[in-house]
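Number of protein chains: 2
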Amino acid sequence: MSQGKLFVISAPSGTGKTTVLKRVMAELPGLSFSVSHTTRLPRPGEIDGKDYHFVSESEFQTMIDQGLFVEHAVVHGNFYGTSWRAIDQQCASGIDVILDIDVQGASILRRSPQVTASHIFISPPSIAELEKRLRGRGTEKEETIAVRLSNARIELQAINEYEYLVINDRLEETITVLSSIIVAERARAHRFPSGQPIGEIVTV
Amino acid sequence: MSQGKLFVISAPSGTGKTTVLKRVMAELPGLSFSVSHTTRLPRPGEIDGKDYHFVSESEFQTMIDQGLFVEHAVVHGNFYGTSWRAIDQQCASGIDVILDIDVQGASILRRSPQVTASHIFISPPSIAELEKRLRGRGTEKEETIAVRLSNARIELQAINEYEYLVINDRLEETITVLSSIIVAERARAHRFPSGQPIGEIVTV
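Just so you know, the sequences run in chain order A and B.
Everything in the first sequence is counted per our numbering, starting at -13 for the first residue and increasing by one.
Everything in the second sequence is counted per our numbering, starting at -13 for the first residue and increasing by one.
This is chain A alone, in the form it adopts within the complex (with noise of 0.2 Å):
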């Protein structure tokens, strides 16, 4: 059995990956999203070991000085990390795994030479767009949205660190991009053992 594959997935906040991810998620069989750490407060509806695994500062960081996390990086004041647990048993078993991480995160795993992943932004249409988006949802503050808009800016300078850029504007398309690039890496000719005959190659 051929491991699985990383994907790791990067948006300002507000772009709309969750609702993305979901649908892509229900729709393409044979992924699976690796549940991040972090110590921020659940916003509602987030349930504890499916959206997140949330925990205190104090065990965050007895997880980094056990050398638990991937990558870890604080965003908005609160960390968040991914343990080397939450994908080595899913990739083994040949499911790939989506990673959904920000700049800070996709930046250091893409220096970790023990991950090979490929790298997707995804990304509002245009910062108008995005705080129209923000204000919509009704649950943030005008400090909050404004801290998100300043952070948007600078995460946007990091595109062309990734090997792919998915402009959410309709929602459809979007899901359709993001499904192809998952589709089209499991295509990927090395991904194929060499030299095996032809007939006992699994399909993609």
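Among the hints, a few may not be true.
One copy or any two copies: either way a pair holds, since identical chains are not told apart in the list.
[As the list claims (entries may be wrong)] Under the rule of at most 20 Å between Cα atoms (straight-line distance), these lysine to any residue pairs were calculated in the SDA-like manner: (1) K3 - R174; (2) K3 - V169; (3) K3 - A175; (4) K8 - S18; (5) K36 - R156.
Worth flagging that the hints you see were computed from the coordinates, not collected in a lab.
Since the structure of chain A is already known, use the hints to place chain B on it.
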């Protein structure tokens, strides 16, 4: 307007490439087919200028001498070639172009510094299945089938020189995978101008 992208697609004779390409091109907008030159005789239903430019050996030789080909090769005793003209005009107008060329031609193209393309190999699920398909055509002589199978075995050795491998087992799945590769390549981040305000980037 951004430059169109080139997709080099190779497959052993009998793999079903022509059927697959026709379907993908019917379903995906913004794609066109580079019409190759060949010295082989037209098969029933093939149209000059659409399926191929059918030319004599001396005409072909003149084009070689004039440097009009990006690549050319001899396959099954016939000349095949892709002219610069066939791809330049379409790419310049932002259309993505599919080059249907054999492994020799693809290999030459990969070594050409003026040409950047995505290389895709479509393979039959097995040699046995390929033999079945070739016989199923009902148009090929025994000795032609033997030559094609022998060539297929050689061509399959080149898979690892390609970026993508699509195994044509079930037609609908093959069409999905090939379309996905094209959609994914269009979402490559380096296709977008660096530093441009995100709102001005053309939606993928």
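Here is what the structure says about each hint:
no., hint, verdict
1, K3 - R174, "between (25 Å within a copy, 18 Å between copies)"
2, K3 - V169, "both (18 Å within a copy, 19 Å between copies)"
3, K3 - A175, "between (29 Å within a copy, 17 Å between copies)"
4, K8 - S18, "within (10 Å within a copy, 34 Å between copies)"
5, K36 - R156, "neither (27 Å within a copy, 35 Å between copies)"
When held up to the earlier numbered hints, the structure conflicts with hint 5 and nothing else.
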